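Asker: One letter stands for each residue in the lines below.
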Amino acid sequence: MVDEDTRAEAPSGAPGGAAAIEVSGLRMRYGDHDVLCGVDLRARRGEVVVVLGPNGAGKTTTVEILEGFRARSAGEVAVLGADPATGDERWRARLGVVMQSWRDHGRWRVDELLAHVARFYAPYSEPGRVRPRPVDELLETVGLTDCARRRINTLSGGQRRRLDVAIGIVGRPEVLFLDEPTAGFDPEARRDFHDLVHGLADEDTTVLLTTHDLDEAEKLADRILILAGGRVVAQGTADQLAAQVPADAEVKWTRGGQRFVHSTPDATAFLRGLLADSGDEVAGIEVRRASLEDAYMTLVHRHETGDARAAASAFAEEVR
Amino acid sequence: MNTPALTALRAGLARGVTEFRHSMTSKDDLLSHFGMIVVFVAVSLMMRGRHVAGTDVPIANMWMPGLMGLTVSISGVLTVASLLATEREDGTLLRAKAVPKGMVGYLVGKAVHIVLVTASLVAVLVVLATLLLDGFTMGGPVGWATVAWVTVLGLLATAPLGAVAGSLITSPRAVMSVLMLPFMAVMGISGVFYQAGSLPEWMQWIAQALPLYWIALGMRSAFLPDSMLVVEIVQSWRLDQAALVLAAWAVAGFLVAVPVLRRMARRQSGARVEAGRRRAMQRG
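So the sequence lines, in the order shown, correspond to chains A and B. Its first residue numbered 1, the first sequence is counted upward by one per residue in this note's numbering. Its first residue numbered 1001, the second sequence is counted upward by one per residue in this note's numbering.
For reference, chain A alone in the conformation it holds in the complex:
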């Protein structure tokens, strides 16, 4: 039933597949403080959407509303075709959740807890999606095989986080929510995690992930959403976002053994001039285009100087 609903809406929605997550006009208000003021968001099946934003932008609130853990003030929300506020257990079985901070079950052993959580998913197997994942395989996937018999309260922060991710995917979810999953990861764990997310996307799992790490967003995202002040101020691929911000490119070169750096809005024109003037002596040219980081900083700064609405609409214009 739920699947049919989702597919039925696909033609009017994003191209390239049915929408797994559809949000429009989402609002959240605590007392007289607006945390979310009209968020629109859409994720196709198998898409990896990364939500970026400063602290307090409403990332966690958005994710918790989609997970069904928080009631919203207004707006339309559908996750796998169902409203999270009224989603039943069958719907719940198709989601995976990794929250920001969990330090529960300290006395349990790693494999003990994974096996326990896995049991709940067994009645929800579907053709093509066997639930749950085998625990041994899962331990291998997240790199916890050597810690399988350890008590959870003896794990390091990064290991603990891997366990959280393992529990999030034990039910082979169709939609996975990850709220800052890589906090406390070392570079190697981070890379393993990125491989894991790519693997999930290959299994047709929709991933919605929040992070502070722009590099991570660039590596993982099919689409990036920048949330600031309770609004989506920009969205697109990392390249699209970078291209929309009129930031200067940085050109570096050496001449006569000396290093030069120059910022310019038009790197091509500048280089043409540079080479024409003193082409023979110039060596080691490097051009760094405006990056996702520049775009992020500019957009968030615009918002913080009280210009969020303008930033959002200006961006919409540019995309068109």
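Be aware that one or more of the hints could be misleading.
Below, in silico cross-link-like pairs of lysine to any residue (SDA-like), each with a Cα-Cα straight-line distance of 20 angstroms or less [claimed, not checked]:
1) B/K1097 to A/A71
2) B/K1097 to A/E89
3) B/K1097 to A/A85
4) B/K1027 to A/W108
5) B/K1027 to A/R151
6) B/K1027 to A/R107
7) B/K1097 to A/A82
8) B/K1027 to A/A71
9) B/K1097 to A/G106
10) B/K1027 to A/I152
11) B/K1097 to A/T154
12) B/K1097 to A/R119
13) B/K1027 to A/N153
14) B/K1027 to A/R109
15) B/K1097 to A/R149
16) B/K1097 to A/D88
17) B/K1027 to A/P54
18) B/K1097 to A/T86
19) B/K1097 to A/D83
20) B/K1027 to A/T154
21) B/K1097 to B/A1014
22) B/K1027 to A/G106
23) B/K1097 to A/R90
Residues of chain A clear of chain B, computed beta-carbon distances all greater than 10 angstroms [to be verified]:
24) G75
25) L155
26) D239
27) E286
None of these hints come from the bench; they were simulated from the model. Since the model is a prediction, treat every value here as computed from it, not as a measurement. Virtual Cβ for every residue (Gly too), placed ideally from N, Cα, C.
For this one, chain A is given, so just place chain B on it according to the hints.
Answerer: Here is chain B on its own, set in the frame of chain A:
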């Protein structure tokens, strides 16, 4: 049969057994569960040779069933409340919410855990008392049956109170400080360690309206001779009345506890757990 509800029920049973095993291998848990028992048994031994006024029953023999009743109500009220507050703050409840039928598994697990812990505490008390106290015997199979149903019904009557308290009190550390005083007051008037019959009548009425008096009375009926009835409020063990009062508390308690638990569980979110973590870290 492999329906979601049955699966969750079985997972919950297994969960309770696992948690019981964790409890029985944790120094902290063993100390907090058995510490009080050890102290009271030691005090009882010092009271040897002294008898309840007007009877030939040693005071220690009267204390022991009272201690069993107290253990049951501590498990029901204080242990349930502090486990709930702790596991709400550390994210255990939220984890259960994120899993299909996870709350069923959690609650069944908690119930099994509490029943197993309480049963082993009561069993240890019975064994210690039988070994150490003169003339302390259980009234055969009927006695066993009485101890069993009083334990279970006593837990059913008190656990909803603990669940409500654990849901309403926000910090795990506040649970004990808020509950201790009223709990001690109830213990004082409920005839746990001395005859409720000698208290002012209005106190007897309050005591008889609350579960602890009846749990302790039921336990005494299983271990004490009928000659001890002279110090009770009414000269009868009144087991039918005890069952009725405890059942009434259980039903009323569940009617109140279910919506309170639901509301508490609904309000759980990652942000709350995160706030709890920050509070815990500030305390160091």
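Asker: So, for every hint listed, does it hold in this structure?
Answerer: Right, here's what the structure says about each hint:
Of the pairs offered as hints, the one joining B/K1097 and A/A71 holds, with about 15 angstroms between alpha carbons and a cut-off of 20 angstroms not exceeded. As the CA atoms of B/K1097 and A/E89 are separated by approximately 10 angstroms, the hinted pair is consistent with the 20 angstroms bound. For the hint pairing B/K1097 with A/A85, the CA-to-CA distance comes to about 13 angstroms; that is within 20 angstroms, so the pair holds. For a cut-off of 20 angstroms, the pair hint linking B/K1027 to A/W108 stands: about 15 angstroms separates their Cα positions.
Distance hint between B/K1027 and A/R151 is fulfilled; the C-alpha atoms sit about 15 angstroms from each other, no more than 20 angstroms. Of the supplied pair hints, the one linking B/K1027 and A/R107 holds, its CA atoms being roughly 12 angstroms apart against a limit of 20 angstroms. Straight-line distance between C-alpha atoms of B/K1097 and A/A82 comes to about 17 angstroms, which keeps the hinted pair within the 20 angstroms bound. In summary, the hint linking B/K1027 to A/A71 is not supported, as the alpha carbons are separated by about 41 angstroms, beyond the 20 angstroms threshold.
About 18 angstroms separates the Cα atoms of B/K1097 and A/G106, which keeps this hinted pair within 20 angstroms; it holds. Note on B/K1027 and A/I152: the hinted pairing holds, with a Cα-Cα distance of about 17 angstroms set against a maximum of 20 angstroms. As the CA atoms of B/K1097 and A/T154 are separated by approximately 25 angstroms, the hinted pair breaks the 20 angstroms bound. Taking the CA atoms of B/K1097 and A/R119, the gap is about 15 angstroms. The hint holds against a cut of 20 angstroms.
Proposed proximity of B/K1027 and A/N153 is supported: the alpha carbons are some 15 angstroms apart, at most 20 angstroms. For a cut-off of 20 angstroms, the pair hint linking B/K1027 to A/R109 stands: about 17 angstroms separates their Cα positions. This hinted pair does not check out: B/K1097 and A/R149 have alpha carbons roughly 25 angstroms apart, beyond 20 angstroms. The suggested pairing of B/K1097 with A/D88 holds, with an alpha-carbon distance near 12 angstroms, which does not exceed 20 angstroms.
Proximity of B/K1027 to A/P54 is assessed by CA-CA distance (about 43 angstroms); at most 20 angstroms being required, the pair is judged violated. Taking the CA atoms of B/K1097 and A/T86, the gap is near 14 angstroms; set against the 20 angstroms cutoff, the hint holds. Taking the CA atoms of B/K1097 and A/D83, the gap is about 16 angstroms. The hint holds against a cut of 20 angstroms. For the proposed pair B/K1027 and A/T154, the alpha carbon gap of about 16 angstroms is at most 20 angstroms, so the pair holds.
Restraint check for B/K1097 and B/A1014: satisfied, since their Cα atoms lie roughly 18 angstroms apart, inside the 20 angstroms limit. Between B/K1027 and A/G106, the direct Cα distance comes to roughly 14 angstroms. Compliance with the 20 angstroms bound is thereby established for this hinted pair. At roughly 13 angstroms between alpha-carbon atoms, B/K1097 and A/R90 fall within 20 angstroms of each other, so this suggested pair holds. For A/G75, the condition that its CB be more than 10 angstroms from all CB atoms of chain B holds, with the nearest at approximately 18 angstroms.
Every beta carbon of chain B lies more than 10 angstroms from that of A/L155, the smallest distance being close to 15 angstroms; the non-interface claim holds. Listed as a non-interface residue, A/D239 keeps its Cβ farther than 10 angstroms from every Cβ of chain B; the least gap is roughly 32 angstroms. Residue placement check: A/E286 keeps its beta carbon more than 10 angstroms from all beta carbons of chain B (closest about 42 angstroms).
The earlier numbered hints that this structure contradicts are 8, 11, 15, 17.
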